[in-house]
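Residues per chain, in single letters:
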Amino acid sequence: MTLLRVRELSAFYGDFQALFGISLDVAEGETVAVIGANGAGKTTFLRALAGALPVPESAVAFDGRPVGGRPSPALVDLGLVLVPEGRKIFPSLSVRENLLVGAYRARPGPWTIERVYRLFPILGERREQPGTNLSGGEQQMLAIGRGLMANPRLLLVDEISLGLAPLVVKNLYRALEAVKAEGTTLLVVEQDVSQVLAVAQRVYCFRKGAVALEGAPARLTRERISAAYFGT
Amino acid sequence: MLDRLSLAVDEREAVGVIGPNGAGKTTALNVMAGRLRPDRGAVVFDGRDVTAMPAHARCRAGIALTHQIPHPFEAMTVFENVLVGATHGGGRTERDAYAGCLAALEQTGLAARANTRAGTLTLLERKRLELARALATRPRVLLLDEIAGGLTEPEVLALVAVIRDVRAEGVAIVWIEHIVHALRSAVDRLVAIDFGRSLMDGPPDAVMASPEVQRVYLGIEP
Amino acid sequence: MAWLDTIVQGILLGGLYALFATGLSLTFGVMRLVNLAHGDFSILAAFIAVVAVQTLGLNPLLALALVVPVMAAVGYGLQRLVLNRLLGRGILPAVLVTFGLSIVIQNGLLEAFSADSRRLNPGGIETASLPLGGGLAVGWFPLLTFAVAVLLLVGLQILIGRSAVGRAFRATSDDGGTAALMGIDNDRLYALAMALSLAVVAIAGIFLGIRTTFTFSSGPDRLLFAFEAVIIGGLGSLWGTLVGGVILGVAQTTGARVSPGWGVLTGHLVFLAVLLLRPSGLFAKSRRVD
Amino acid sequence: MTLAVERTTRASRFGAGAAVLLVAGLVALPWTGDAGLMRVVIEFIALLVLAQMWNLLAGYAGLVSIGQQAYLGLGGYALIVLADDLGVNPFLAVPLAGLVAAGLALPTAALVFRFRDAYFAVGTWAVAEVYRLLIANTGALGRGTGRTLKAVFPLARETREQVTYAIAVVVGVAAIVAVYLYLRSRLGLGLMAVRDSESASESLGVDVFRTKLAVYLLAAFGTGTTGALIYLNLLRISPDAAFSINWTAYTIFIVVIGGIGTLEGPIVGTVVFFLLRELLADHGSWYMILLGALAVLAMMRYPQGLWGLVAERWDLRFFPVQRRVRLDEPPPA
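Chains as they are written, first to last, in our numbering: chain X, 1 to 232; chain G, 233 to 454; chain H, 455 to 744; chain S, 745 to 1077.
In case anyone wonders, no lab produced these hints; they're calculated from the structure. All C-beta atoms, glycine included, are put in the ideal place defined by N, C-alpha and C. There's no promise every hint is true.
Stated by the list, open to error - Residues from chain X shown here face chain H by an in silico Cβ test under 10 Å; the list is partial:
1. Ala74
2. Val76
3. Pro84
4. Phe90
5. Asn98
6. Leu172
All chains, please: the whole structure from these sequences, using the hints.
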């Protein structure tokens, strides 16, 4: 069953067009990755889905309902949650409080604060520290955990690997497998191609705000990805 | 953000800087331009320690920066935007500055738009305006922060041509860019940075071919 | 002994200033908005209490139960209908609109209540005092004001530190865009903060009206005192606001003791001195500013 | 290719002509002998200059001060001290009072420039209160009751009125010409750049701090001179009146209603202010309520003000500060 259906989505920053007619589907329980070079429009795409950018109503359907352009809180209620680029941990809040903010209008579901601590034990150990005292990798865990606290049906994750060492990235992707096992659908944006190819069932490659390549990872060779990335 | 980064640029040299998102590239440029103060270390320009010099004074000394996200003076015309750089950064009187402004506008292909309000420009034109204003300050070194980002292929090629042209006039260049083929065609040397540190430094082809850079930058295991 | 008395009076006066300052500090903390009509809203509340006392025969302290919810509703509506539409347009619109409101409220009060000075009479408590021995006595009412200020600050501290709304306040203050992604409706939260701000300043206005006389134009001075208490104490620190209020209160009573005309001026000068020596205030939480 | 820069518009050539006629009319006014009208003109000019100065601060430099009454009061008191206590010619003392205000603005700036944005607004107000209270507590300045300008008593009433009027016309014309020339200059170009983007300005060599400080000092000078002019006209000064927030309230309402960030806006605003005052002369505080409400409405719905609406509709600029470029191919050799 299709959980997210995007049709001919275009988005603008002022008079600058960032996305050109993107169509994409995510089935319930699936993990889909969006890859592409910097400036390809990946982050804009996720922000448009999460209600942070104005888009036409019909361009985005969630669970069969048109939801394009709805404000973020309404989308969180439906179970569509974004883990933003750059983690965006609230500096005035402790680790625990950052997680609790994620549950501000939580739906019922498997994710509780204890369940997040089990997934990322380090967060439980450092629960009373300011969220921004954590290392980059731990902050990324916190950002994912905060998103999970809303019990999303679809979790959008923007560039997990940003500024993180390869080993840390590997661990984060292992955690995503556990999230997937709970039945959460994932749409992951990533520059770090190798990790993503291992977890995703399907991959979309963006170039200059449009879909340049799409398919199952097994069918995508390094040459095809490279060509789609850089247009060479 | 930066961890004991060292980077040197010779007179008339063009250096490209690459690295993954969050590697500290923009931070490095901002430190060079005086918009950020380093906790430790120094910025030396033309043999002079300029670490304590504020941004506007560095511009007057010959270090010009173009911003990743263009900040045109929206209520002013394209010509006036360039004139700010020429009179304040370039230290000329208004009349003496006109010729330099015209040259900068022609070089960046904006002459026909001289009377347009900058707030109404397209992205490409805004990027060109960033460059034109910086050139009008008569820089000795030009710091370019992702000036080709977000442009279409033909636009990137046009911009590369302008930058090669600037370089041919003897202006040193430090250019951060993700569009690698654009960089390769315009620089003498590539520096790859990650975690605020220099990873590789050398001729563009050698740097791009190194497995280390392939892994860190593209995330593709060779 | 006379000096000790002056200082005790100043400390208690500081409680009143903390009441004025709390709401100002809250709205700035949550949405970076300085409401220049803050003082005038307190005087508006005091005049509503005057009307309640006259028409319903209420004791001014009982009138609180009526005036505080009314002012909270005014704050909620003001934020929703006017101020939320100005946020994100830079600093100028919000400053000028609240300044315009300040002038409109003052002149509206002048038109409705004339320029005569008023006072609220709670029936005796305002003159009763508690002898402390050695010729020293403190008024029951200033003591009550101080206690209410402390209780309110404790309550706010708990609300902001422990509750879901408080976490949402802090999250929105840190980064409204990301808070929205977590499902927090910023506009509603801002309206709640303004409602809370005007509720507290309504209490301050009525206490002021019991303590001393007031006119339609008493608001701007209260705004300045509130502002000075916030800056002396340091932004983002509720207890700092109380200490800031106390320092200002002591400065004013001490100055007035030296020469009657020097009370308010001494307060201003202490404020400028703190600004000169410790620009971020005495108890500022270090906050990353990007 | 060659480049020529055009700095006038058809409206500005028409405007220049109209301005010459207007100034000629103002110069001729004393010969009609209408003292009442002359007093209105003095008042008009005083508010217009205050509005131009505040517009320069808030509309161009982003310095939203609500404490400009400090410089108005200081200018007024400086006039009286200079003329009565130090024996300076009272008419010469008017511009000197402006200098005194600017001189005091320098240390004041060291304090209030520590504030940014909304806190700058309240900070400037607090400083204005300090000046008011300091003067109200100084015996030599008459404390709370204030003082009277005695140096002009020996002059015939008519002479005094005519010279005051002449000074007002000079101050008004000089202020508009000075602001206009400043905005058209290289420094004005930098100021407008700062208004549009501080960050880009400093990257292009504009000294943002100095630019703002210069505007702050210039505004203090203009406001102080106007304060001296106002009290040369009124003769009686008191701290509560001279340092009243109402001066700044009038000023802000004029600029916001007329149109912030243009030279024409404050002129339009001052005209509206005087028209409304004539209409509502008998309604006391309703006048202020209406002005305040109009300003709030303007800020919410028409932030460009009345002049902004007109200029947009008909593309009119009487005081063009922009530069139009003409590019010509060189003639074939």
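Structure versus earlier hints, numbers of those that do not hold, lowest first: 6
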